[in-house]
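Chain by chain, the residues:
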Amino acid sequence: MSSYLRRYRPFIVAGIEEATVYRSNFIIYLLGNTLGAFVTYFLWKAVFTSSANSSLNGFTFPEMVLYIFLSFFTGVLTSSDSSTSVGDEVKDGSIAMRILKPINFAANYFYEEIGNKIINLGLLMLPFFGGIVAYQILGQNAPAVNWINILLYFISAIIAYLINFYFNLCFSFTAFFFRNLWGSNLLKNALVVFMSGTLVPLAFFPAVLQNIFKFLPFSSLLYTPVMMYLGKYSPKMIVSMLFLQIFWLVFFIVLSKIIWYFAIKHLSIQGG
Amino acid sequence: MAMIEVSHLQKNFKKTTKAPGLIGAFQSLIHPQYQTFEAVKDLSFEVPQGEILGFIGANGAGKSTTIKMLTGILAPTSGFCRINGKIPQEDRKNYVKDIGVVFGQRTQLWWDLPLQETYSVLKEIYDVPEKEFHKRMDFLNEILDLNEFITSPVRTLSLGQRMRADIAASLLHNPKVLFLDEPTIGLDVSVKDNIRKAIAQINHEEKTTIVLTTHDLDDIELLCNRIFMIDRGSEVFDGTIKELKGQFGRIREVEFELVDSNDGAKLDYSTLPVPVEIRQTGNTVVAKFDDSLVSVPNILKLTLAQVEVKDISVKDADIEEIVRQIFRKEAQEHEQLS
Chain A
1 MSSYLRRYRP
11 FIVAGIEEAT
21 VYRSNFIIYL
31 LGNTLGAFVT
41 YFLWKAVFTS
51 SANSSLNGFT
61 FPEMVLYIFL
71 SFFTGVLTSS
81 DSSTSVGDEV
91 KDGSIAMRIL
101 KPINFAANYF
111 YEEIGNKIIN
121 LGLLMLPFFG
131 GIVAYQILGQ
141 NAPAVNWINI
151 LLYFISAIIA
161 YLINFYFNLC
171 FSFTAFFFRN
181 LWGSNLLKNA
191 LVVFMSGTLV
201 PLAFFPAVLQ
211 NIFKFLPFSS
221 LLYTPVMMYL
231 GKYSPKMIVS
241 MLFLQIFWLV
251 FFIVLSKIIW
261 YFAIKHLSIQ
271 GG
Chain B
1 MAMIEVSHLQ
11 KNFKKTTKAP
21 GLIGAFQSLI
31 HPQYQTFEAV
41 KDLSFEVPQG
51 EILGFIGANG
61 AGKSTTIKML
71 TGILAPTSGF
81 CRINGKIPQE
91 DRKNYVKDIG
101 VVFGQRTQLW
111 WDLPLQETYS
121 VLKEIYDVPE
131 KEFHKRMDFL
141 NEILDLNEFI
151 TSPVRTLSLG
161 QRMRADIAAS
171 LLHNPKVLFL
181 DEPTIGLDVS
191 VKDNIRKAIA
201 QINHEEKTTI
211 VLTTHDLDDI
221 ELLCNRIFMI
231 DRGSEVFDGT
241 IKELKGQFGR
251 IREVEFELVD
261 SNDGAKLDYS
271 TLPVPVEIRQ
281 TGNTVVAKFD
291 DSLVSVPNIL
301 KLTLAQVEVK
311 DISVKDADIE
321 EIVRQIFRKE
331 AQEHEQLS
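Going line by line, the protein sequences match chains A and B.
What the first sequence shows, in the numbering used here, is residues 1 to 272, in sequence order.
What the second sequence shows, in the numbering used here, is residues 1 to 338, in sequence order.
Chain A on its own, in the form it takes in the complex (with noise of 0.2 Å):
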């Protein structure tokens, strides 16, 4: 154990100081996704200032600043770059030179971003998470802060994150068949954002499509931690929906494992 942390240990080094050399790109990249918050936060208020109920689908007007704000926080937290990386790997061949060191290549990446989120969430937490609270604390009939709530969002939310993580990774196997991810990778995301619950949240949907949805991995990605925090989820329900994350977590590991072992008999490295 200690010798596999020594081992992975200066992929987290390595993944903190590249986030630091490139802090500007992720500062911008930010400032762009908050855009976007508030872009939907001003949609939402418009829908709410026009309906004649002070709730729609059983989410008042401060609940859903709150769903907006934290899925948008929960996003940037359990966002998992892998495909994008191991896709343009494939596209230029340098993947070759992360197969020819004696390492697991999923830990490999896992903790280069791990590097990568202590860095980014140490930026984002105090101002975002931070805002967040303030607005419970501060706003007109705004949900109080629950300390239970908020620490099964992180619980949830790790579990989440591991799930992408390994999502992602199976996805960017393909780009050793497919040789570019480009196109599947935009196709992947439209699918994500939209059943993940990031754009609408799933309550809103027809109920077919929600029992359809619920059930889907992409639900476990965003969805259930942001309503774990809402505290929208009953006792037994939170446990179940715990047990779903981790099932799904499971099986996206094991999945990652068997198109790996076929995968890498397929590779052939591009460029001379």
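Since the hints were derived computationally from the structure, they do not count as laboratory data.
Among the clues, some could well be false.
[What the hints assert, rightly or not] With a straight-line Cα cutoff of 25 Å, these simulated DSS-like cross-link-like pairs (lysine-lysine) come out:
1) A/Lys265 - B/Lys97
2) B/Lys86 - A/Lys265
3) B/Lys97 - A/Lys101
4) B/Lys135 - A/Lys101
5) A/Lys101 - B/Lys242
6) B/Lys15 - A/Lys91
7) B/Lys14 - A/Lys91
8) A/Lys101 - B/Lys86
9) A/Lys101 - B/Lys131
10) A/Lys265 - B/Lys329
11) A/Lys257 - B/Lys86
12) A/Lys257 - B/Lys41
13) A/Lys91 - B/Lys93
14) B/Lys242 - B/Lys315
15) B/Lys93 - A/Lys265
16) A/Lys265 - B/Lys41
17) A/Lys101 - B/Lys176
Assemble the complex: chain A is given as a structure, and chain B must be docked to it using the hints.
Just chain B, lined up with the frame of chain A:
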């Protein structure tokens, strides 16, 4: 037992054939046509421990494909290679501990980190003990002069520095086999020279087996005990440089420095039964001829009888010339066949 054993190695690629132009692109999108292309055909050879093998061939001859199979990042269509008793494709994580790889066109260094960080990462990856690591770094520092840029981020290094750093990175764990794919590409003469010296020293001190591909034939001449040449995926020649010269290199050159440059026109070799090619620049005349048909003393005798000479130098067959000949011959044969 040989360190590297290659047996009937074959790699076929499926290639989409595309008719030219926009219509062709459209056709290949809807109904792609495949063609099998043999990049490596039935290669077999062995490399004993401690040997430096020069692996040469024209662009697209299949060198890189072979190296990729040897390093385990490409699976052969049929046949196998075994290095240090291990099949690269079978147990990747274990196998790569035995080898070091440098691809001249790529880097294994962390692009955004100071160079020495890469070495600390590699130290952990390969489980190099602290003491061993320092000894190794000192050694690599000495032969590759890393000290002047070891604290700079990799992205700020010049190509020559990066290549030296990359070679050091591939040697940190003291591999049994070192694969160098065009390690001197794009470097200036003095850096090339440094790198060659380093490679020779490592081979000498550690008995590292080295497989070297290059387009620079000076690399081959200065480093390799043995040459393996391929063309269109098949073996063309396997042997020492001396054998290569013996087999193909009968072309010799004798250089004369004349006292009077006008004398050059007086030279006449038409009495000899074979053609002699003459080239003159200023005072220097070079006579090029086939060694097996006319001897060097004969040429000397004939020349000295005709003109006054200040200096003479007899050149060995130039390996570059030989390789050019072989490839030309191969290309002609190929054309006749098709």
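Status of the hints after comparison with the structure:
no. : hint                : in the structure
1   : A/Lys265 - B/Lys97  : 20 Å, holds
2   : B/Lys86 - A/Lys265  : 17 Å, holds
3   : B/Lys97 - A/Lys101  : 7 Å, holds
4   : B/Lys135 - A/Lys101 : 22 Å, holds
5   : A/Lys101 - B/Lys242 : 37 Å, violated
6   : B/Lys15 - A/Lys91   : 17 Å, holds
7   : B/Lys14 - A/Lys91   : 17 Å, holds
8   : A/Lys101 - B/Lys86  : 16 Å, holds
9   : A/Lys101 - B/Lys131 : 22 Å, holds
10  : A/Lys265 - B/Lys329 : 37 Å, violated
11  : A/Lys257 - B/Lys86  : 23 Å, holds
12  : A/Lys257 - B/Lys41  : 32 Å, violated
13  : A/Lys91 - B/Lys93   : 23 Å, holds
14  : B/Lys242 - B/Lys315 : 14 Å, holds
15  : B/Lys93 - A/Lys265  : 14 Å, holds
16  : A/Lys265 - B/Lys41  : 19 Å, holds
17  : A/Lys101 - B/Lys176 : 15 Å, holds
Of the numbered hints given earlier, the model fails hints 5, 10, 12; all others are met.
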